[in-house]
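Be aware that the sequence shown starts at 25, since it is given in the numbering used here, and climbs by one per residue.
Derived from the structure by calculation, the hints contain no laboratory data.
Glycine residues also receive a C-beta, built at the ideal position from the N, C-alpha and C atoms.
Be aware that one or more of the hints could be misleading.
Stated by the list, open to error - Simulated DEER-style distance windows between Cβ atoms:
no., residue 1, residue 2, range
1, R103, G252, 41 to 51 Å
2, A27, S253, 44 to 54 Å
3, R95, D162, 51 to 61 Å
4, G143, G66, 44 to 54 Å
5, Q45, L149, 36 to 46 Å
6, G200, P146, 20 to 30 Å
7, Q185, N205, 19 to 29 Å
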Amino acid sequence: MTAKRFAATVSYDGSAFAGSQRQANARTVQGELEIAALALFGTPTRVEMAGRTDSGVHAIGQVAAFSAETRLDAVTVRRALNAHLDDDVAVSRVHEAPEGFDPRRWARRRWYRYTIVQGEAPMPLLRRTALYVEGNLDISAMNAACGGLAGRQDFIACSGQLEPGKTSVRTVFAAGWQRENASLLFDIEADAFLPQMVRRIVGGLIRTGRGAIPPEEFVRLVRQAQPGSVGPTAPPHGLCLQKVWYDEGYLE
25 MTAKRFAATV SYDGSAFAGS QRQANARTVQ GELEIAALAL FGTPTRVEMA GRTDSGVHAI
85 GQVAAFSAET RLDAVTVRRA LNAHLDDDVA VSRVHEAPEG FDPRRWARRR WYRYTIVQGE
145 APMPLLRRTA LYVEGNLDIS AMNAACGGLA GRQDFIACSG QLEPGKTSVR TVFAAGWQRE
205 NASLLFDIEA DAFLPQMVRR IVGGLIRTGR GAIPPEEFVR LVRQAQPGSV GPTAPPHGLC
265 LQKVWYDEGY LE
């Protein structure tokens, strides 16, 4: 039987995971998917992910890929995987993918969202998915600072530790804040992201929103390309991977 290649859209609450990528002696999204695939197909199945998310980071549009010798169709595979998964991770869609499909290398664009709730008191029901900030942030100043993020440039100032020899140049297609009731939503789309890049950008933008640094100083810190200079790292629980785009239409 010829092996089929599958692409799956995965969502998860990152609160109880040590991250998306497999780790020894730790619960991860990749590990849970591989356990479910083993139960379904009866043989060890390697799952590859489009993006690596840290402990506490969530997703509604992560993409995973795996191969299996099976006669099951994509819809049946989705239902069967979910039957073997705990309720903090789910497979929302499965498609048959081209041979050799690589969810990370074939990705063309990724979208992350960071959620902040502001006000006089925390909102307990949102404590796992949004960062509480007391008072009001200046969204106009934060959006002015976002103008320095667009385009292709070196984002080492917004990066965690990189592997030796890896480039810190990325292309940001769009970045900005919008208000939704008591929440502030930061959306950023790029070809790829560096470790902790979004969280460090958000940390710097919060400083701008509080008036600690003006927008032009935030832009200067981004562009001076000094490692980690842009600001403190925002907590992981406000961050969510929303979507990954590909040239092919099978994930639409």
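Handout entry: Indices of hints not satisfied (ascending)
Key = 5 and 7
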